[in-house]
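Protein chains: 4
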Amino acid sequence: MAVKKTLEHAYGFDDVAIVPGAVTTNPEMVSPDFELGGRSFPIPILASSMDAVVDPRFATTYSKLGGMAVLNLDGVQTRYDNPDEVLDRIAAASLTESTEIIQRVYQEPVREDLIARRVEEIKQGGGIPVVSTTPQNTKRFAPIAVEAGAEYFVVQSTVTTARHVSKSLRGLRLEELVRQLDPVPVIVGNTVDHDATLELMETGVHAILVGVGPGAACTSREVLGIGIPQITATIDTAHARDLYFERTGRYVPIITDGGIRTGGDVAKSICAGADAIMIGSPFAGTEEAPGRGYHWGMATPHAELPRGVRVHIGRNHSLNQLLFGPTSLTDGTENLMGALRTSMATCGARTIREFHEARMVIAPSIKTEGKIYQMAQRVRD
Amino acid sequence: MAVKKTLEHAYGFDDVAIVPGAVTTNPEMVSPDFELGGRSFPIPILASSMDAVVDPRFATTYSKLGGMAVLNLDGVQTRYDNPDEVLDRIAAASLTESTEIIQRVYQEPVREDLIARRVEEIKQGGGIPVVSTTPQNTKRFAPIAVEAGAEYFVVQSTVTTARHVSKSLRGLRLEELVRQLDPVPVIVGNTVDHDATLELMETGVHAILVGVGPGAACTSREVLGIGIPQITATIDTAHARDLYFERTGRYVPIITDGGIRTGGDVAKSICAGADAIMIGSPFAGTEEAPGRGYHWGMATPHAELPRGVRVHIGRNHSLNQLLFGPTSLTDGTENLMGALRTSMATCGARTIREFHEARMVIAPSIKTEGKIYQMAQRVRD
Amino acid sequence: MAVKKTLEHAYGFDDVAIVPGAVTTNPEMVSPDFELGGRSFPIPILASSMDAVVDPRFATTYSKLGGMAVLNLDGVQTRYDNPDEVLDRIAAASLTESTEIIQRVYQEPVREDLIARRVEEIKQGGGIPVVSTTPQNTKRFAPIAVEAGAEYFVVQSTVTTARHVSKSLRGLRLEELVRQLDPVPVIVGNTVDHDATLELMETGVHAILVGVGPGAACTSREVLGIGIPQITATIDTAHARDLYFERTGRYVPIITDGGIRTGGDVAKSICAGADAIMIGSPFAGTEEAPGRGYHWGMATPHAELPRGVRVHIGRNHSLNQLLFGPTSLTDGTENLMGALRTSMATCGARTIREFHEARMVIAPSIKTEGKIYQMAQRVRD
Amino acid sequence: MAVKKTLEHAYGFDDVAIVPGAVTTNPEMVSPDFELGGRSFPIPILASSMDAVVDPRFATTYSKLGGMAVLNLDGVQTRYDNPDEVLDRIAAASLTESTEIIQRVYQEPVREDLIARRVEEIKQGGGIPVVSTTPQNTKRFAPIAVEAGAEYFVVQSTVTTARHVSKSLRGLRLEELVRQLDPVPVIVGNTVDHDATLELMETGVHAILVGVGPGAACTSREVLGIGIPQITATIDTAHARDLYFERTGRYVPIITDGGIRTGGDVAKSICAGADAIMIGSPFAGTEEAPGRGYHWGMATPHAELPRGVRVHIGRNHSLNQLLFGPTSLTDGTENLMGALRTSMATCGARTIREFHEARMVIAPSIKTEGKIYQMAQRVRD
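Protein chains in written order, with the numbering used here: chain A, 3 to 383; chain B, 3 to 383; chain C, 3 to 383; chain D, 3 to 383.
Honestly, the hints are just simulated from the structure, not real lab data.
Do not rely on the hints blindly, as some may be mistaken.
Pairs count within a copy or across copies, as identical chains cannot be separated in the list.
SDA-like cross-link-like pairs, simulated, lysine to any residue; straight-line CA separation at most 20 Å [what the hints assert, rightly or not]: (1) Lys6 x Val148; (2) Lys6 x Leu245; (3) Lys169 x Met31; (4) Lys6 x Asn84; (5) Lys6 x Thr62; (6) Lys169 x Leu183; (7) Lys141 x Val167; (8) Lys66 x Arg352; (9) Lys66 x Gly40; (10) Lys141 x Arg181; (11) Lys7 x His358; (12) Lys169 x Ala150; (13) Lys141 x Glu177; (14) Lys7 x Gly39; (15) Lys169 x Glu87; (16) Lys66 x Asn139; (17) Lys6 x Leu183; (18) Lys141 x Lys169; (19) Lys169 x His241.
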């Protein structure tokens with residue numbers, strides 16, 4: 003008999019809080035390492051593949067600090083011999099000019115020789131090259147990047163599934179990609195659904211990016227009606243990971259990507275089940291970032307849907323300060339690793355897997371207030 | 003034993019989000035056709051029967067694009083030989099004058115010859131004439147309109163039920179109307195209730211309009227306390243449609259009407275179970291609309307309750323741009339069909355019936371924020 | 003074993019909406035009569051016993067229109083030979099002076115001769131005298147008022163229960179009061195609790211006032227933490243009434259009192275289970291009200307807790323317009339009876355008992371928006 | 003099989019309301035005494051151990067009124083011979099200077115002789131010395147304070163558990179502390195968790211402080227993502243207390259600490275299960291407080307996380323007025339004890355244990371409104 007559609011509640015960062023439990027430990031006893039492809043990264047925070055966030059120089063620097071920075075193979079770095087000149091131009095433009103400049107900049111074709119050159123630059127600098135492209139460009143770019151020395155390969159679009167129905171005879175088959183790139187680990191995303199995550203894991207990929215339209219300003223939510231708040235997305239996909247692990251013995255990490263802004267958000271993502279998180283804007287605001295204090299989106303490069311506009315972020319702190327402090331701010335936007343460690347210690351969790359066991363509650367009203375207050379202030383200013 | 007009244011939760015557009023699933027497809031593989039009366043409309047969006055939205059010229063244009071535009075048989079088109087002169091007057095008036103002018107304009111009686119003339123104008127222009135009136139006027143207007151060539155007939159009031167208790171000996175009986183107009187399909191509304199929908203379907207009507215007092219500005223909600231948010235109304239009535247279909251084999255489409263503003267709202271309505279949606283204001287803002295950049299309500303023409311005031315909307319875009327883009331806006335108010343297609347593709351749904359199977363979640367806080375922010379801004383401006 | 007405290011959700015006017023069902027009727031077929039003590043009142047709206055709302059003149063006028071107006075036996079009418087002079091003084095004072103004047107005015111003792119005189123004034127004018135006092139003053143004032151011709155007696159305090167534990171040897175016993183005043187019906191309040199309502203009904207009282215601290219501005223909520231939103235309070239106590247009726251065959255009406263502002267609120271109160279409602283502020287804003295466009299509270303006359311301040315309300319409409327329109331306002335604050343009738347008709351309810359059967363849903367976000375918007379505007383203005 | 007993480011709802015002061023029941027009593031029949039260590043305190047409100055709240059003079063005064071004031075052993079009183087000079091300096095500084103001054107002031111080491119001297123001062127003044135320190139300093143300070151005459155000892159940090167995993171060979175063991183200080187009662191906190199509370203009670207401590215990151219401005223919530231609203235924290239820990247009492251016959255009071263601002267908050271805390279509450283800011287605003295109208299936090303003295311800034315509070319009332327009125331304010335910030343008594347009386351509760359039985363409901367929308375309104379006003383001003 004016809005079943006009535008049911009609606010479950012979904013929750014975001016501002017809807018929840020972590021509850022300290024019956025054991026505590028000291029922050030210095032905490033090891034929030036993220037393991038992937040036989041390596042252990044002391045910073046479980048990926049820098050997302052955006053032109054204002056990662057260039058080879060940033061990738062190298064961050065890699066040495068202990069994190070993963072993902073270089074975008076569809077951005078200015080692989081379209082221009084001298085990307086710094088392009089980035090200077092975007093930063094120097096007035097706001098009105100900037101949109102047009104950005105749109106023009108990305109019409110230049112990607113050059114295969116530059117893909118190789120950027121990967122090599124990171125390698126030569128002593129960093130671990132991590133690169134990303136869209137499902138459409140994967141077949142073409144992946145072999146080049148891996149040949150040049152890429153050590154992790156990311157396939158990323160708004161929503162990526164193991165089953166994509168298309169008119170073209172042969173789309174991207176993830177099983178083949180994994181086999182072809184072996185032993186280079188393949189990270190795929192984004193997804194938010196339990197079943198979709200299971201199917202992606204079955205293809206053999208090594209990590210999953212989680213997050214579709216999680217935030218208020220997200221065009222996916224406003225324009226398409228699509229999206230799910232990150233805590234629920236993380237809980238759902240982490241559950242799929244745990245079931246898959248129980249069944250197969252293979253542990254496929256979950257990386258929450260989207261909407262994370264503060265140390266509290268980092269802690270909540272990981273407590274909800276993520277093994278790592280991915281952020282863009284906070285990195286774009288560091289002195290080391292290539293964005294020169296600006297940030298711009300390139301998501302959904304769809305003919306009729308708008309390309310992201312340039313946003314002024316400022317160069318607020320060094321990469322080191324963003325991650326480890328010291329800070330005089332009380333809004334959680336600096337010392338992300340210090341906050342994560344303290345949060346884990348307060349729950350007695352010494353590893354990320356232990357932190358997954360900590361209790362969370364829905365505690366919306368308090369944060370909503372804060373948000374409203376912030377918005378009211380933004381409106382006033 | 004006396005049962006305590008229970009309250010279930012009801013949800014609107016801003017309370018929910020669509021969740022991408024385990025399959026995706028390309029937007030160009032999506033066919034969001036709406037079928038009614040043996041015809042297939044490529045645009046599942048009806049233009050509502052308001053004087054600022056639909057005149058014969060608009061109806062013809064929109065019909066050729068692939069949509070249904072409903073002409074109001076109780077508006078200026080059927081009261082005046084030269085409605086354009088009246089519309090000019092309303093648009094030219096100051097805001098304070100406008101209310102009085104609008105009230106006076108609708109005191110002129112409806113002329114039966116003009117009903118026929120407007121239907122013929124649409125037909126001659128090459129459009130499909132779709133007309134609407136209230137239950138009170140249906141017996142009188144329906145034969146005239148159908149005789150003149152109307153191909154769809156809409157009976158619409160705030161709340162229409164199959165059982166209306168009245169002092170008059172014989173009110174409108176929908177069974178008879180359906181028989182009398184056969185084979186012209188009869189669309190009836192509005193309703194929001196599961197049982198009321200089933201009873202309406204039993205009368206033989208061909209489609210149901212869903213929506214009573216869904217929005218914040220809606221007088222039904224403020225003045226009468228009556229109304230139900232659209233997602234729940236759509237889920238409830240779509241469930242009735244599915245049960246009725248299982249039992250009888252007859253599929254009676256559900257058309258969600260009221261409060262839809264963005265592509266995200268369109269996608270959510272259809273994902274919730276609607277076969278099509280009906281909108282007014284977005285069309286009133288097109289260059290092709292007869293409202294000249296203004297919009298006014300004529301709902302609840304009740305002696306003691308106020309008639310809608312004139313609202314400035316602006317002529318924001320062409321009809322084509324509203325429906326198909328391109329757009330530089332990120333608020334979802336343009337390219338409604340592009341958004342619907344992308345949304346369906348992201349869920350792997352190639353038809354509207356497949357999109358009904360996609361998952362939705364309650365994710366209120368995020369949109370509430372946005373709303374509050376918008377309102378705070380409106381207050382400031 | 004020790005049980006953990008549980009919290010149930012409670013709902014107010016802005017949290018719910020009435021859902022139209024499968025039958026409709028015409029507003030003129032609706033009879034929203036309120037029956038009490040063998041009389042039928044065509045207007046199920048009581049005017050509350052406040053000095054800015056009811057004086058003998060207002061009581062007489064409203065009585066003739068078909069409603070009940072409750073005269074406060076602890077107010078200026080029974081303390082002063084010439085209350086109009088006192089009311090003039092309160093209205094003429096500056097805002098800062100007014101608080102002191104109000105506090106001084108209510109230090110004058112209540113005179114028993116004036117109790118009798120006011121009751122007789124209403125009677126002579128052709129009205130039905132309804133009077134109220136606190137539980138403390140009931141034993142002293144009730145015989146005088148009834149002797150003078152009061153036809154309904156109201157015992158009202160913030161919270162009144164059948165069991166009040168006190169040091170004094172003999173407090174007010176409601177059973178005795180009912181017996182003593184018989185056949186004058188006794189109305190008692192306020193309460194919000196199911197069990198408390200049952201116990202009050204057992205004492206033989208004839209109607210129950212429902213509502214404690216329902217509103218945001220309510221000092222009970224802010225200062226004492228006490229209160230419950232009105233829809234839940236009404237549902238809970240109406241359920242007690244229905245169970246009591248089933249068991250005893252005696253129907254004790256429920257009167258929702260507090261926080262009602264619009265026609266929508268009236269409709270929701272009654273749909274939730276109330277047989278009538280009681281309002282103050284809306285009446286205080288009529289030309290006929292003794293408040294001269296002002297209103298002030300006298301609730302919780304507690305030494306350390308503040309007495310209500312004077313609020314400017316304006317003389318916004320005639321009593322007739324408040325109740326029956328016509329209106330040009332769309333916020334529901336005029337034509338309360340028209341709204342109630344239309345709302346009942348839309349649900350196919352011809353009597354209040356039938357309206358109790360209509361369905362309601364929780365639909366909070368929409369109204370919250372409206373509230374926030376209104377507040378944002380108030381803040382701006 | 004892997005279990006999906008579940009999220010329960012948690013509630014704060016503004017989410018709930020107390021529901022009056024079927025019995026009432028008079029406020030003067032209420033005895034809200036708090037019993038601890040064989041003494042009965044007529045005021046169940048502890049003054050928290052902050053330098054702007056408690057100095058020996060304040061402790062003495064408050065003690066004589068019937069409450070407990072906790073002296074901070076890590077503050078200016080134990081670092082300076084003449085703390086008044088330091089407090090004058092903090093109060094006299096400009097806002098920008100103040101942060102630096104505060105940070106410098108707390109770098110001076112704590113002197114053991116001053117610990118003893120302050121305790122003696124309270125004792126000599128006729129007060130009951132209650133002192134507090136962090137878990138780190140407990141072993142060192144506790145014997146000195148007790149030796150000098152401290153009658154209650156508080157061990158307090160953001161989160162304190164019975165099991166703390168640390169690299170140092172021997173951390174603080176609460177069992178030993180309790181034994182060592184016997185018969186001086188030991189109060190420990192803070193915690194929010196049911197199991198953590200049970201484990202703390204097993205160590206023999208005499209009372210538990212409840213509250214971690216309850217408020218919006220709380221750095222724990224923003225920075226660490228950690229916290230739980232106070233009503234749920236109180237209900238959960240009070241349940242642990244009741245189970246422990248049933249099992250052992252030993253009653254370990256729960257003291258809710260954090261976020262309490264009004265009489266309504268006090269009443270709700272106790273109704274939710276607290277035996278007493280602890281507040282800082284309201285006391286800091288009294289004329290008797292050492293803060294000179296200012297307040298500053300010293301919480302989480304963590305190298306990379308910011309120390310609290312100085313906030314202007316004003317000297318709003320005498321201690322007596324804060325607790326007992328009279329008041330002309332309607333926001334509940336004065337006459338806390340009057341509000342608590344009235345609230346208890348309205349529920350027919352004569353003792354705190356009886357008040358624990360009163361019913362509470364979730365009634366969020368109303369208070370949210372109020373909050374938004376207040377915030378909108380703050381933004382405007």
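Legend entry - Within, between, both or neither: Lys7, Gly39 at alpha-carbon 20 Å: neither (41 Å within a copy, 26 Å between copies)
Legend entry - Alpha-carbon proximity between Lys6 and Val148, which holds within one copy, between copies, both or neither at 20 Å: neither (49 Å within a copy, 37 Å between copies)
Inset, instruction - Measure nothing new, just compare the shortest in-copy and cross-copy C-alpha distances for Lys7 and His358 to 20 Å and report within, between, both or neither. - result: Classified as between: cross-chain Cα gap 9 Å, same-chain 31 Å, threshold 20 Å.
Inset, instruction - Since the copies are identical, ignore which copy is meant and state whether Lys6 and Thr62 lie within 20 Å (CA to CA) inside a copy, between copies, both or neither. - result: Classified as neither; 53 Å inside a copy, 37 Å across copies.
Legend entry - Homo-oligomer pair classification [Leu183, Lys6; C-alpha up to 20 Å]: neither (45 Å within a copy, 33 Å between copies)
Legend entry - Intra- versus inter-copy proximity for Val167 and Lys141 (alpha-carbon distance at most 20 Å): within (17 Å within a copy, 50 Å between copies)
Legend entry - Copy assignment of Lys6 with Asn84, given that the CA separation must stay at most 20 Å: Close neither inside one copy (57 Å) nor across copies (49 Å); limit 20 Å.
Inset, instruction - Could you figure out if Lys141 and Glu177 sit no more than 20 Å apart (CA to CA) within one copy, between two copies, both or neither? - result: Within one copy, since 12 Å is at most 20 Å while 61 Å is not.
Inset, instruction - Check Lys169 against His241 for me: Cα-Cα at most 20 Å, and say if that holds within a copy, between copies, both or neither. - result: neither (33 Å within a copy, 33 Å between copies)
Inset, instruction - Classify it for me, Lys169 with Leu183: is the Cα-Cα distance of at most 20 Å met within a copy, between copies, both or neither? - result: neither (26 Å within a copy, 43 Å between copies)
Legend entry - Alpha-carbon proximity context of Lys6 and Leu245, limit 20 Å: For Lys6 and Leu245, only the inter-copy Cα distance (9 Å) is at most 20 Å; the intra-copy one is 28 Å.
Legend entry - Alpha-carbon proximity context of Lys66 and Gly40, limit 20 Å: Classified as within; 17 Å inside a copy, 61 Å across copies.
Consistency note: the structure conflicts with the earlier hints numbered 1, 4, 5, 6, 8, 12, 14, 15, 16, 17, 19.
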